[in-house]
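Taken in sequence, the protein lines are chains A and B. First residue of the first sequence: 0, per numbering that gives the first Met the number 0; consecutive thereafter. First residue of the second sequence: 0, per numbering that gives the first Met the number 0; consecutive thereafter.
These are computed hints drawn from the structure, not numbers from a lab. Just so you know, even glycine gets a beta-carbon here, dropped at the ideal spot from N, CA and C. Hints may be right or wrong, so weigh each one.
[Stated by the list, open to error] Here are the simulated distance ranges between beta carbons:
#1 A:Ser3 <-> B:Arg43: 41 to 47 Å
#2 B:Ala28 <-> A:Pro124: 54 to 60 Å
#3 A:Val51 <-> B:Ala60: 25 to 31 Å
#4 B:Ala51 <-> A:Ala141: 36 to 42 Å
#5 A:Asp29 <-> B:Ile63: 26 to 32 Å
#6 B:Ser56 <-> A:Arg67: 52 to 58 Å
#7 A:Ser3 <-> B:Ile63: 35 to 41 Å
#8 B:Arg48 <-> A:Arg151: 39 to 45 Å
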Amino acid sequence: MKRSREKAASELFAALYPRLAGWCRRLVDDDETAHEIASEAFTRLWARWTNVSEPRGFLYVTAANLVRDHWRKLERERRAVRRVSDEVAVRPQNEQADPSVRLLVQSLPERLRVPILLHYYADMPIREVSALTGRKEGTVKADLHAAREMLRAHLRRSLDHTL
Amino acid sequence: MITPSEDGPDLEPDDPLAVILRPASGYLAPPPGGYEAIRRDASRRRVLRAAAGVGLSCVAAALIALPFRLAASDAPVSPTVPLAPPPSSSPSTPPTPSPSSSRPVTPSPSRNPSDSAPSAGPSVPNGSGATTEPTGPDSAPTPTQAPPSLEPSEPSTAPDQVGTSAESSTLP
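Use the sequences and the hints to build the structure in full.
Written out as structure tokens, the structure is:
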């Protein structure tokens, strides 16, 4: 029993960790932080292993929340530094080079973010997303559509700003 | 009517969203020993959570049981308290309804009367010599001998002395 559970955990780790950590690296652009976040997500999963029916979705949603917390922490630190040094031009040095991915997690409300993460990043079909979130398949499709529209609008706005 | 496909994406290949939603799969290999470290952390956290759960349930059980226990401990005490006073108070009050006013005043001298009771008889000749405090109250019960003028004087001193002695004994 214990051995089979250990084997399942090992297989899950081998299958999901590299992808999850790679996704985290895209969001935080820092290997060490990406490993920390992915490890924390797996730790939380295995700390309640018996209660989680869909580990893949749990890992991605947990990682997304941790990434968001990381950004908030960075923002607080940046604000504190700015307040102390009175320098306006303090910019993050190592933050992710791809603001559009950050936009994905940051701009969407949780209700829309979770289906996007599960469907596009965890590669879960809509049926599984529906089962995991407890929403009807039609609702999940509508949520995905709304999220895409919101992202498009954000992208358009950010492009207008850069031009 | 727009019916999204089963996969969900209604993304064109040149859609900028495709860049976000279909990112090039980046992989980051786990560090050596990462799996074991995560498993250790997870099991430690599970143990901590279990311990916290047990502790919380113990506290909750104690909080639930405490009122019952307190109520149970109060219950035996409450019957004993009413039982004790009635026998002691009811017999004492009926027998001494009228003398109770004088008795409480002369409890301390009453010890002496027991000793000086035999001397109470001969206290008549010692009336002048018995100017000591104990004889004052002792002479009070013998009103027949003393004139009415003596009675008020002697009892008046006796309670004062008793009162002062009581006060002096209780004050420190």
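Now for the hints, and whether the structure bears them out:
At about 22 Å, the CB distance of Ser3 (chain A) to Arg43 (chain B) disagrees with the hint of 41 to 47 Å. Take Ala28 (chain B) and Pro124 (chain A): their Cβ atoms lie about 27 Å apart, and the range 54 to 60 Å is violated. The given range of 25 to 31 Å is respected by Val51 (chain A) and Ala60 (chain B), whose C-beta atoms sit roughly 29 Å from each other. Checked against the hint of 36 to 42 Å, the pair Ala51 (chain B) and Ala141 (chain A) passes, with Cβ atoms roughly 40 Å apart.
The beta-carbon spacing between Asp29 (chain A) and Ile63 (chain B), approximately 49 Å, falls outside the hinted interval of 26 to 32 Å. Roughly 33 Å separates the CB atoms of Ser56 (chain B) and Arg67 (chain A), a value that falls outside the hinted 52 to 58 Å. Between Ser3 (chain A) and Ile63 (chain B) the beta carbons are some 40 Å apart, a value that agrees with the proposed interval 35 to 41 Å. For the hinted restraint 39 to 45 Å between Arg48 (chain B) and Arg151 (chain A), the CB-CB distance of approximately 42 Å keeps it satisfied.
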